[in-house]
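J.: Heads up: the protein sequence lines correspond to chains A and B, in order.
Residue numbering for the first sequence follows the working numbering, beginning at 120 and increasing consecutively.
Residue numbering for the second sequence follows the working numbering, beginning at 1240 and increasing consecutively.
In short, the hints are calculated from the structure, not lab data.
Be a bit skeptical, because a hint or two may be false.
Stated by the list, open to error - Chain B is nowhere near these chain A residues, computed Cβ spacing over 12 Å in every case:
#	residue
1	T160
2	D187
3	I199
4	Q222
5	T240
6	N296
What the hints assert, rightly or not - BS3-like mimics (lysine-lysine), calculated; alpha carbons at most 27 Å apart, straight line:
#	chain 1	residue 1	chain 2	residue 2
7	B	K1400	A	K234
8	B	K1459	B	K1400
9	A	K214	B	K1452
10	A	K376	B	K1400
Note that the Cβ used here is the ideal one computed from N, Cα and C, for glycine as well.
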Amino acid sequence: MITAGCDVGSLTSKAVIMKDNRIVAREVILSRIKPAESALTVMESALQQAGMTLKDINFCVGTGYGRDRITFVQEAVSEITCHARGARWLLPTVKTIIDIGGQDCKAMRIDNEGKIVKFITNDKCASGTGRFLEVMAKIIGVTLDDLGGLSARAKAPITVANACTVWVQADVIQHLNDGIAAEDIGAGINNAMASRMAVLANNIGLERDLCMTGGVAKNAGVVIALEKLLGMTIKRIKKVDPQLVGALGAALIAGDKCERRAAS
Amino acid sequence: MDTDKWFSKLLDEPLNELVQKSMDEGQIPIGYSCSYVPEVMLSVDGLFPVRMHATGIAGTEIADNYLSSVICSYTRSLLEFALDERYDFLRGWVFAASCDHLRRLYDNLEYLKRPGFSRILDVPHKTGDAAINWYTDELKLFAKALTDHFGVDLGADALAKAIREHNAFNAVLRKIGEYRSGDKPVMTGTEYHRLVIAAGTSPKKPLLPILKKIRNDLPKRDPLPPYRARLLLAGGHLDDPGYISIIESQGGLIVADRLCTGSYPGLLPIPETGDPIAALAKHYLTKTSCPRMMEAFRERAEDIVKLARECRADGVVIQILKFCDTWGVEAAAFVSCIREAGIPVLRLERDYRLGGEGQLRTRIQAFIESMGK
């Protein structure tokens, strides 16, 4: 059985193809303006890797903010359900999942069967999302990938008091002009991001095991700061890029649907 | 006539075609903003009530100069519309001191744009006999003020007639509502809410024959296409059917509501016997079911659970306006009570102006998925 998941996010689009419960292809691209185009491009690239065409896919599920505009999927499922499904497949003991994407962040709690018990998402503000880190990395002059590593080298992290991305930008520029080291500014930004996530995570009532998905899970500075704030270890996802968990969950849900269809 | 489009158009502007027509016929529009204001008393002898709304508002740039950003967006939107002269057609308005936000709106309007008739009703925070007697006296003073200003008859006979007409009108709306709650609904929650809001914001007399025709035609309709879940929508003020439309676009059919601006408890009949003002005071004080009322949390929570079971709702969605203090506290406690009753529940915060559609769709879809639907 060959299934696929396509996650069209605001910043990146992801695709995962699975064959008999094993990942055979994965792809991440920067999203384009039109979700339908992003979906086609990322899926074509993944299919090329797998040496397949769309006709070879038995069932495909779409997710992410652009899920309703993907033309080739059989069904669209919310990213909350997909991240939960993907995280549980990767870490079967997981009960709480924190997902920070480009434009939103969410926390969800699942039961022993993987069913979502409670979830919470951020509001319209960008301050607790990947976009916040992207903006800040650009101002400091580091890549998004390098921002996480700054925390480990920081000596006196700055305190980011404001919750607004625009105001934080002004603060960061002020600190740079004052000659504060990029490491201390970066660590302060990672800590601020973790603080915002901690509020969201505490809201749903944390339960062990806890893991993080989405692109921000790759930022070690945020993950370590969040562990300190929550007083709980965050299990690392190692089998795949955490950014792909939504697409992976979609592919797994596609498999579930195929099996159900075959059974009926 | 495309009924859906016609009703949508009625909600586009406070001064809609039915309001204009009634004014042309010499009727007097009086605005009001809270369910504690007895609209029956504004439906006598040439007066007609208009529930104030600001549907389609683009921003509150002027109102933000007068009301802080932690005042709810419904309140700020009303002030914006009033300052934008969209309510200049009203000959008076009546507020209720139901929450601090609406009181601040009244204060600002008194200062910025007082119409010929302006009143705020003091509403007790309890619903016992003493409170009902007190509210009866308050409504008597209100009746006298209306009579003194507009020269209208608010005597016992006139009020009794208004109550009968109010009940007859609401009975038609309630009957229509049954067609979205049955086993095979033929009407969406969006369509029904549009009718209910139009009924509150337009004169009732010209609307009644149209609603009766809808009621008579509904049994001939085909059932709605399959949907994923039956939902009950609860919460405070909601006058935009577009919000319900987004929920229903994800397969969650709204089969019942418990909203300040909805069908329950707003359409319940008022007793037609005894002193009409006393009956009105008791009805509006005890049936409005607002979280501002003390000592009645349990009843309000049980009411939602009972309603959800009666209409076989798979889940409850509670929507509240951001910064609404009363509903903010109540909704948090409701979530636990409804969940304890074994009914899945989702709490959503929103702005008065419809926005964040993508996020709303995701939350609703995830909620329905979490129910295994």
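J.: Could you tell me which of the numbered hints above are not met by this structure, giving the numbers in increasing order?
T.: Going through the list in order, the structure violates hints 2, 3, 4, 5, 7, 8, 9, 10 and respects the others.
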